[in-house]
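Participant: So you can see what is in the structure, the chains are spelled out below.
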Amino acid sequence: MSGKQPFDVDLECLDLSKHFGDVRAVDSVSLSIPQGSFFSILGPSGCGKTTLMRMIAGFEDPTSGDIQIKGRSVLGTPPNKRNVKMVFQHLALFPMMNVYDNIAYGLRCAGFSNREIGAKVADVLERVALPDVAKRDVHQLSGGQKQRIAIARCMVLDPDVLLLDEPLGALDLKLREAMKIELKLLQSQFNTTFVYITHDQSEALVMSDQIAVMNQGRFEQIGSPQHLYQQPATAFVAGFVGDANRWEATVTNCEESQLGTMTGAGHSITGHTQNPSVAGVGDKVSIYVRPEFIRVNRSGESTGSSTADTAEFHNELAGQVDSVLFNGANSRLLIRTDEHQALIEADANLTGGLDDFKEGENVTLSWSSLQTRCFPVPAS
Amino acid sequence: MSFKGSTRQDAKRLTLLLLFAPFTLWILLLVVLPHIGMVVLSLREKVAPRIYEFGFGNYIDFIQEPIYWNTLLRTGGMSLLVTVLALLIGFPVAYYIAKLAGNRSKGALFILCLIPLWVSDLIRAFGWILLLRESGIVSTTLQKVGLADGPVELLYNDATVIVGLVYTVILFMIVPLVSTLDGMDNEMIEAGYNLGGNSFTVMRRIVIPYAMPGIVAGCIVVFMLTAGSYLTPILLGGKNSSWFTEQIYDQFIRRYNWESGAAFGFLLLAFTSLVIWIGLKLSGQTLSSTVAKS
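Order-wise, the sequence lines are chains A and B. 1 is the number of the first residue of the first sequence in the numbering used here; add one for each residue after it. 1 is the number of the first residue of the second sequence in the numbering used here; add one for each residue after it.
Do not take every clue at face value.
[To be verified] Derived lysine to aspartate or glutamate pairs resembling EDC-like cross-links, with alpha carbons at most 20 Å apart: (1) A:Lys284 to A:Glu255; (2) A:Lys70 to A:Glu12; (3) B:Lys106 to B:Glu187; (4) A:Lys81 to B:Glu190; (5) A:Lys135 to A:Asp101; (6) A:Lys81 to B:Glu187; (7) B:Lys99 to A:Glu60; (8) A:Lys184 to A:Glu126.
Think of the hints as simulated: they come from the structure by calculation, not from any bench. Keep in mind it's a predicted model, so treat the numbers as computed, not measured.
One chain only, chain B, in its complex shape (with noise of 0.2 Å):
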């Protein structure tokens, strides 16, 4: 025992407490207490102006107008439906590029896969309606090509909505992909086609598995940008995308109805982590096994 040894230890426990300090700042001053004001307010009924009581009457309102919870059940659908898209599109590119692709061109594949994060959600958003609208590109050319008597609107559906939310994500997805399909040894999938398998059982039984966490990972973060995401269905679906995050905008920009609105932002989260927890427990993965470990 001496002095000195514990003045290190002091010291250490004071580097490891000014290390944290700005992580545990961020969590309490902008994700904890938020959230927490936000439940507080979702809580608070308006019995007359400027006067409020505490209830569950925002949740009621909810459960009572199919309208809200349509949207929320029809914003979750599409993002799965997104989520599984990127899957499988992503999932070959990933391991095309992990895998197939030579030792240069990857790393330029993989910048290639990057580059499109340069440009803002909200431009590429735009490139899109440039694309799609009726006087857009594709429009005039198949009209020019014959094609088409008329103009064509190809915004404003959900089929549009997808393919743009699907374009914005995909990243996320590709990402987790190669670094879990990259760390896999190639002696792993020679094996299994020299015990016996073909191209199938070999993806089936061997690659798949082990990019398991990747893929898990992967979803989970794809499935919550785009539940929560904005302005490409705002943009690409316009007045019919009917997305919750446009439900939450509304109560709280265009009704001036924040208790309405922190409630709808309390069951996004809700129902967004309870979609999450049921994939975990189908694919039989931990959080700490996927997410913590990419």
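Chain A extracted, bound-state conformation (with noise of 0.2 Å):
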């Protein structure tokens, strides 16, 4: 991760964990996010990520390890006197006061005159561009509105860290896809480090520059979300980031970082792993292939136009067209290999013209090895 120097550095968490009683929710995690980046923390539900944002907020404390805001410790800092705020998951504004006086809130507890909190909410309320909602009750509000006003509410108190707690989980969807962008633009406009949490990987690659991935209680991959979409470290991020078709296959050879595998139902796949010590002939791998870097050819058309081509095809399948997904340009096709196996998604071009796939048809799926990506299958 970029800047080490201690200043460029606003949130820093040292081998964080927190018990409850058995169970650790969070388990020794570090992290270190820049000034004015946007950091995303994706994860299942359950994984611990709400538990390290109340732990960063003040909430909860952490059973050991040191939370840094702006270089200093804030392990012995109740909560509200803390400069990092909060978008909570179900918003939290005051419905007994206004939106003035909801923003005016945290003004006045840090003791402003009434002059500088009008002059400041104005202010606020211009750069998230809703300046006229000052005097209305925030049951008056659209769900977009609202979520406005709970980060103009944070901003306002010029935090170093703004927290959001899945603020989008109870939108729709159509409004949830434009506050994703309305969110970023914000955070750029406000130049503040945001740190998200979600389940949603889609918010998260969208908006983030950083993602860190978490996974009962650890992060197992932390990076740009190109970086992890296509070079996710382990299986758990293969699979949880984007959309992957996996098999279960038996390594039956392995030069470098090329392993040749045999699934299952004995189709032989040709794959990848970033990490060859850990692979060895007759260990058990997972295979992940997204479904956009697998071509689907009709059975007895070539699967390129030159040989150069096919060359990089090193894995080929064929199987029979289950179903026509269709979603605009996000169609898929799920094509069925064998009985009783599971069905391979694959990335369509449906135009709507007589070329497009159809159920029934017999066809070739070809991919590269380089886009297969093994992970050993833990002992267990």
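Each of the two chains sits in its own frame; use the hints to bring them together as a complex.
Facilitator: Dropping the structure here:
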């Protein structure tokens, strides 16, 4: 990660753990977030991401480890004295106050004069593009407006770090898509460090500079969205970030990073591993291939226009189109290769022409071994 | 337009009518009618045995006799005190049950609060008498420990009446408070701290305003119950409790002066309604946003 100087880093967690009895909700997590970046913590529900966020905000005390904000430990600092503000899952706007009082609440606690408060509230409402709602009651706002007021209420206090706990969860799909872009814009406009918690990988991929994928209290991988998507470090990341087809297979031969494997159904698949030392002949591996890397051709047609092109595609499987999932530009084909085997997903370009794939057609699937990620299955 | 449609609507109307019938009968026969009767009765003046005339004599008597209106004011004042005490004691209890207690102990604590309702007011008042009378448990214990030389009479004073009343009515304060506080998302309190508030600010600016409907509802119920209570003040306060309901009882039963008793009853209703109206105005609440809500 960039920025090792102490003041370039807004938030740092060092070997942070939180145990509830025997449960390790957060298990020695370390992270360091550079100033002004959008950092997401992505994980399934129950992975400990909310506990981690509550520790940063000060609502939980860590069992061990340290939290530093702007290079200073905040472990002994109560939540109301930390310059970390939080947008709650259900936003937690105060229903008995109007918008102005909601935003002014924090400023009043900080002891600003009424004149200063008026100017600051007007300014922050301007910045979230809602200049005329100050006198409205909270229940008169739309979902997206509430969202922006919840962010404005925090940003008016000029925090070092803004925590967001799945704030888009309650919105409908269309609004959620719009808010993703808006949040990213707000973040770059305020130039404040955002730490965003979500279980929705598309939110994390679209908005973040850096993503930490969390599972069972631990960070599986930290990296840029592209990095996580293209070079997942673990089987969990490969399966959780983006879609992927998955096979269980046994290694039959290995040359450096290239592995030859045999699946349970008797197909041989050539794949790559990032860590050649961990897999030997006879080991079990999980194989992940993303749908967009699988090329679908009708059986009998050549796989490519030239021989150079075909050389790239080390893997080939024959199958039958089981169903066509039309979803505009994200349309998919489900392809059955064998009875009792999971269907394979592949991207398809459905234009509505006669050329489109139809159910029941025999097809050949081909993909590169470079796009085939193998991860050792932990011996259990 | 169809015949079928109109019959369905008729059926709907009939259902509504039948559903409302018991309620309407109850309101009309047991609330409105007796009150009209009371007002009519209170406006009759006795001019000679068995001869009555229309007039405000009963009300004029009330104003001219300081004992009467002093008793009413005293009842009102003590009821307000009981309401405030019930709120001060009940709020922390309700807050603990709704916000601090774990999910499992929450239900148990709430039940514990409800258990005293199993026992009637009368028995509960006798319980206090057993504890507080001259030969009661508290008095004997004090003597045994050596804190008192002779028997101590703890009954028949205002403090005892207030303690007894608070004990009887506090439940009706706790229940609406727990239900409003329960509806408050914990995130709201955490947001209050997160934005820089200390415990006092969070309580004053967030929890109490949020709980206001429950507070007002509880206060109204408690005040009405206290001002209209009869058993507890009489049993614990004895002869000098001077509770207004006692005056009404006196007029009706002892003096057999129904006209004056009816006037007193109507005055109590008017007085308590006035106090509640003033209270609502002062707290900026309305009946529909408080009692009707919870």
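Participant: Let me make sure I understand: some of the numbered hints might not hold for this structure. Which ones are they, in numerical order?
Facilitator: Failing hints: none at all.
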